[in-house]
Amino acid sequence: MHVKSMLLVLCVLLASAAGSQGKLHGLTHSPLSMNHLDLCIDKNTLLANMELVAQYSKNFRVYSIATCQENTKAVLDFARERKMGVMLGVWISKDVALNKAEMKAMRKYTRLYKDVIEAVIVGNEPIFVIKLDVDDLLGYMKSAKTFLTKRKINIPVTTAEVWPLFQFNTTVGQALVDHSDFICMQIQPYWEGFSVRCADDPDAEDDCVDAGTHVELKAQEIEDLYNKEVVICETGWPTFGETCCEGREFSKDGFKAVPSEKGATEFLEDLVAATSKSGRPYYYHEAIDADWKRIWAPCTECTGLTPDFGCSPSRPNPGCEVDYHFGLFTNEKVLKNITIPTAPTAKEQLTKDEIQKAVTSIVETAKRKAETRG
0 MHVKSMLLVL
10 CVLLASAAGS
20 QGKLHGLTHS
30 PLSMNHLDLC
40 IDKNTLLANM
50 ELVAQYSKNF
60 RVYSIATCQE
70 NTKAVLDFAR
80 ERKMGVMLGV
90 WISKDVALNK
100 AEMKAMRKYT
110 RLYKDVIEAV
120 IVGNEPIFVI
130 KLDVDDLLGY
140 MKSAKTFLTK
150 RKINIPVTTA
160 EVWPLFQFNT
170 TVGQALVDHS
180 DFICMQIQPY
190 WEGFSVRCAD
200 DPDAEDDCVD
210 AGTHVELKAQ
220 EIEDLYNKEV
230 VICETGWPTF
240 GETCCEGREF
250 SKDGFKAVPS
260 EKGATEFLED
270 LVAATSKSGR
280 PYYYHEAIDA
290 DWKRIWAPCT
300 ECTGLTPDFG
310 CSPSRPNPGC
320 EVDYHFGLFT
330 NEKVLKNITI
340 PTAPTAKEQL
350 TKDEIQKAVT
360 SIVETAKRKA
370 ETRG
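Residues 0 to 373 in numbering that gives the first Met the number 0 are what the sequence shown lists, from first letter to last.
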């Protein structure tokens, strides 16, 4: 190939690599409705939501696929059109009939959309929150893996669980890891009582780490413990609600975790910086505020939170407000006062550096040839 042609190709590749920067690795999104009569949102609203997700993220994660199957198909079609990757969540609970429907939908969509589905996540905190029997969960995971293997569909299978389960209950943790192609770790420093940044905490210890950095360090710790890749499947910072924490398991005392848009910006900056160095995939929770939960999954948790907002003792059925406010966007699709960081992932930066090195090498070779001819 002529030197000019080679340079042209490499410059195109360099521009392409640069163009892929500026988006988050992944966002989580639960496209559900606030309608008391129907959990499923209409398709126009769904597609409007997905436009926001695509604007700021290269991949996304969904949590359930059977309840609103028309929307599941629309989401996967959207991902295919926009060349986005999808972490496909299979909702697993103690409702056996619903579990069967989710597994059936998984078999259907992995056949039809294997080009966009990055992984199948069987259950969202099924042990820690839902208290599902471990053997039951492993049965669903084995079923998914067997189906995909028999049909030669190369999609990894895992389950999403919180880091304390992997670190402090290694018997269960090892069983989950043994049946997972990678560890899908969930971590929310807000619920652990972290200050977003140590510099904002006058009582910070010498070994204090910023909340976003803590996420990457914990992922690496779990990865080293089990010698298996860890993907950060869910992490974020709330923008409104109660302050955390005091007297909460696996959390720091002192009410240092304060929801705010500034905190979400700082958390994202530190998370992206830390994962850029390691090249670790992450999914920020979440794209849009979860007002739908007020109807379909209201927060009943007030343990360790300040007694205000939803956790006011004056309310007849107190429950937290904070759980509805983890989105980058409000429920009205307005971007909050949050700055989206533009750092590339380590993998993208490496590609850019390699292409630049190749361009330099070609130029130097061309110069030497010219000097030889001269």
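Keep in mind the hints are simulated off the structure, nothing from the lab. One should not assume that every hint holds.
Said to hold, decoys possible - Quick list of in silico lysine-lysine cross-link-like pairs, BS3-like style, CA-CA up to 30 Å:
#1 K22 with K276
#2 K103 with K82
#3 K292 with K251
#4 K251 with K276
#5 K141 with K72
#6 K42 with K141
#7 K42 with K130
#8 K22 with K93
#9 K144 with K130
#10 K113 with K82
#11 K261 with K107
#12 K72 with K149
#13 K82 with K141
#14 K261 with K227
#15 K130 with K82
#16 K22 with K113
#17 K332 with K292
#18 K251 with K332
#19 K151 with K107
Claimed, not checked - Pair by pair, the computed Cβ-Cβ distance ranges are:
#20 S142 with F254: 17 to 25 Å
#21 A96 with E248: 31 to 39 Å
#22 K82 with K149: 33 to 41 Å
#23 T44 with V95: 18 to 26 Å
#24 E204 with K103: 48 to 56 Å
#25 A47 with P163: 19 to 27 Å
#26 D132 with T302: 31 to 39 Å
#27 A296 with R247: 17 to 25 Å
#28 S142 with L36: 44 to 52 Å
Since the model is a prediction, treat every value here as computed from it, not as a measurement. Here a beta-carbon is modelled for each residue, glycine too, at the ideal position from N, C-alpha and C.
**Request:** Go through the numbered hints given earlier and state which of them the structure violates, listing their numbers in rising order.
**Result:** Numbers 6, 7, 8, 11, 14, 15, 18, 20, 22, 23, 25, 26, 28 - these are the hints that the structure violates, sorted from lowest upward.
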